[in-house]
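A.B. asks: Residues per chain, in single letters:
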Amino acid sequence: MNIAYKTTIALMLSPQEKKDKIIRSTDIDALSCRYSSNRLSYFFPADPYTEILVQSYQKNLQYCQGYTGLSSGRLLRSSFGEKKFPLINRGTYFRTKAIDLIVDQFLKEFPSGQIVSLGGGSDTRAFRILHKYKHVSYFEIDFPESVKIKHLAILQSEELKNIIEYEGDDKVEINNKQEFENFQPCLHTPRYHLVSYDLRNLAHGSKDFVEQLQTFNPGLPTLLLSECVLCYMNPEENIGCLKYFKDICIDYLSVVIYEPISLGDTFGATMARNLSERGINLLTFNEFPDLKSKLKFLHDICGFQTVRLTDLSSIAGYGRRSEPHKESWVDVQEIYRINHIELIDEVEEIRLLLQHYCFCFAEWSPAQNQKHLVGIDRWNWLESLN
Amino acid sequence: MLNLDETIENIKLCKHIPEEDVEELCTKVIELLIEEANIQHVDTPVTICGDIHGQLHDLLTLFKTGGECPQTQYLFLGDFVDRGFYSLESFLLLMSLKVRYPDRITLIRGNHESRQITTVYGFYDECVRKYGSVNVWRYCCEVFDYLSLGAIVGGKGGVFCIHGGLSPDIDSIDQIRILDRKQEVPHEGGMCDLLWSDPEDVSGWAISPRGAGFLFGENEVKNFLRINDISLIARAHQLVMEGYKEMFDQGLVTVWSAPNYCYRCGNIASVLTIDDNLNRDYKVFEAATQDVSAIPSKKPAVEYFI
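So the protein sequences, as listed, match chains V and D.
For the first sequence, position 151 matches number 151 in my numbering, and the numbering has no gaps at all.
For the second sequence, position 21 matches number 21 in my numbering, and the numbering has no gaps at all.
Isolated chain D (complex conformation) (with noise of 0.2 Å):
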């Protein structure tokens, strides 16, 4: 029988978590995540986090810069795996998290909680070489199905929430209520375009250089935000130097949690609290450390062309 707060503790340590264990808390997140809405209602004030990619040792820095969880109420927006080296790891914590506090912590999907991106990316690879079996990832792509599309904070006037951003094939938040949404991310298509398209100074759509998703411009945020009555969106997906970057006079942000993304980019991360007032505040934060036991001995990927 799961002992969550003694999981909690040893994830956080990266201990090694029984197979049974991430079964059970599979099976139980996807209790919850079964009775969520495709958006999710989030009351503020709440701390919106972007992608966090494996790195373990920089989510637990996030929890010390925006409080700690329950104290603190958080929403995700997803990748939360891939790319980083501990992946499961940290998909694990959020799960646990999850269940033990259901109400002050909502996850939502990014375009990496698929199967076929994460057998590319590495957190397919991370689960067979930690379990010598494909069955924790199967699981855990079993939760990837259940997970919210978006999130509205603060209700009218509020936040809307997505990991990537808007699809031509959305105009209003109704829309997106009604996809069925408990499958693999399809190809193309609105479900696809919420999990992969990109701000851009474009007008109009345009084409994506991801190969996924459309490019969008000021118009679209504009006319999303007033048909929809919210005044923020709130995305991720895209690396930001700085942590966070405004665009189209605030009517959009991307926030990115991960820093020195793939212990590589350099780059600092943030969080973002909305108050009861709807008021924006960025808490940025640095990689963890360049401790060696966030990374781990055996020779990474190739990173670099030399």
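In isolation and in its complexed conformation, chain V is listed as follows (with noise of 0.2 Å):
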């Protein structure tokens, strides 16, 4: 067999592998919009670690599955050469500070409680929390290659291995595909553990899954987080994830869900049909399309004792005007530097897209327990049940 008909047979991906590295690209577009707000200083301080992780990917992708030098190059200087637009680097600056400002209250709260993070990625939430805390122990599980990715990012640089209290000081080099697919993914320190596992099999009964999870305690108060990443999974997929971790968990879950909502209009319409058309389905997007709908999802069907949701337009100050005894999200100073970063020529255009954004908070604890993030009502949100 030639070399050439060998690559061809190499790139050639069923269905579902096509489906899966779509899914996974996503991570690219995500990465590349922090890695664009960032460098607009939209981040203050200013998130060090996003290079490390483009970096990586601009070594490794070329390794991974349906990817060649030529293709990886190609999506790589669009996704970080070309300009964001202004609503793209707001609306990710605010998605990913709500975010933080939950596991901050989390973590003053119950400050030996455990992160875990589904399907993150590139993202760098983890170092930033395991260098401001001491105590927190951070999970994080993705699809192998996204895994190995983050492994060969941090293991590059000095400064994530002294985060994640990384002993070993061995250098790896990928220079191939084949290298590339026999590098372990998995990374396990102390406090922090990257994990290769694709959820879906949560919901087929994996139970033994948690073991992977190794320093994993189901005794303390854990947060799930879901960015972008649930929304990939079907409704049973999402069911099961979420109760997986509510039956190991035997003291206190809670768990922030951010992703799109259709709303049923036809910007929602719209929406699917044009990510539809680069291959991306959401599959829960009909099913629980507005707040009301998600609150009966993780309320009466997942079990989750309180839930709060609100969307990112009013997160971000576009929504309707905020109860006076309530904190804004993000305070009048704050957003009047992150306007002022870009003139914005889209005011109704983010306060449309943001509103087709969730952001869900729910929490559980066994009944003799009654544990609650006491703090989660300093914020506006616009459904809310106890």
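Hints were generated in silico from the structure; no laboratory data involved.
A quick note: this is a predicted structure, and the numbers were derived from the prediction, not measured.
Take the hints with a grain of salt, since some may be wrong.
[Claimed, not checked] Okay, the calculated beta carbon distance ranges per label pair: (1) V:Ile248 <-> D:Glu242: 48 to 58 Å; (2) V:His204 <-> D:Lys64: 48 to 58 Å; (3) V:Arg278 <-> D:Glu6: 30 to 40 Å; (4) V:Ser41 <-> D:His187: 13 to 23 Å; (5) V:Lys371 <-> D:Tyr282: 51 to 61 Å; (6) D:Ser133 <-> V:Arg278: 30 to 40 Å.
Positions of the beta carbon are idealized from the N, C-alpha and C atoms, including for glycine.
Two chains, two separate frames, one set of hints: put the complex together.
C.D. replies: If you want it as structure tokens, here you go:
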């Protein structure tokens, strides 16, 4: 078999593999948005780690399934080389900020709590949190290739190794697809666990998955994060995944979900069509189209006791006026700073777009124990249920 | 030598227009615009159109909806360029019609007709991509500086037309007439506000979330109508899902003419015809097509958070 033919075979993906490749590539999209916002100083203090993840993609994406040197170069150039619209930069800032606020509140009330990030890909929150809080354990779960990209980024950076308290001093250099394929994805340190796993399997009875999380302690308060991840799983897989964590946690579990919702309007319909043209199908988009149906899903179906919901438009100050006794999500001065980084001529559009992203908080604890994140009602929510 | 009728047909087909032709067209349109006042007087009947934003195929639908120029007289409220994939063709088409039928079409300036904004929102990149140099963008920016700031339709008791809205620095239309408009849109002051402000349910003036211009309320609109003896402010600038929206006892209307704005928003569009008795007639229209030809095969920039 000649080499060209072999390469062709290697690049031929099954329909499911193609879909998964597209889902994994949404991580590059998210990273490129963070990279752009960060470069324009939306984040204060700046995020020093995003750049390291970008470099890892630049080195290693070519070795991922379905990519060549040319196709990966092209994707990376268009993702990181082209300017983003101000509305994308702002939205990226607000989504990151809102989740940071919840995480900070969680660790303030539960200093020894643990955080599990679902499908976080190249997100850098783990490093920021581990650096800031010395008692937290952080677990990240994603597809093997996404995990490898992050693992390789960590091994390239003394700073990241220090943060996660990585003891080894091995230098790994990947030079071809085979080496990438053979590279061991998972990485474990006492406080940080990077785990390769297909979360969809949690719905299909993989009860012993928790063992892969090694030091995960079911008796500690746990915060689960899903930033545009559960939306790529079907409703059964959503339930399976959330219930799995509810079943293993015996003390307290809360979850933050940030993802698109259709609102059943023409913007939502256009969004579904545009994304499906890119091969992206939002599997709960129409099933749970608005905040009320998300609330029902989290409370009635998944059994969370406390549920709070809002949308990103309200968080970013584009929604209805806040109740006076509540804190705005982002204070007036900070909003002023953000609004003056770039002139924005898309106020209606940004409002529309951000209204179509829900921000959900839900918590559960066993009846005898009744733990709550007390500070959650500092902020304005559009829907709530106790 | 520019053959206008042929050029108009070529633009409609999205064919490449030679750089020399663009330069000649821009020069000719400047010769016309230089003679226009800051506030142009426009006779009825006229069809008023809001933002176009480079959606050439939808602009063609607009002309089908409202009637072709010159049979129908048109007034465009600015924001011809940026965001859509065919900003250059859209602006070239409007300029060609202006040169071909100068008395049948009026173009006023939107906040996107600016060097600074077009470098952020796509027109600059589009010109460089299509011509490999910044020349065409520069010619067009020269034209931007000569565009009128507003118009009055139907004389006394008529319609004041502006891209954005009112300014705390400007009480009477006469104050606009004496501005020196032939410059890049400033970051503040009367000229900036006219192109950037938005009506809102506020009392008095409020800070605009856009970072330029102001929000103005019902009282400001009613005072402006009274002082200037007009019955309506027609403006564009804000996406309206239903295509148009009247506010403040019908004293102000927003007209939006870019359907499914940015190929994303799912909205419909409209144009507003003012007849000889100053009656208003809105015609709505939908996005030209889900036809792939409206969207180039190159993947557009990130449009959602995914």
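A.B. asks: Which hint numbers does the structure go against, in order from smallest to largest?
C.D. replies: Of the numbered hints given earlier, the structure breaks none, since each of them holds.
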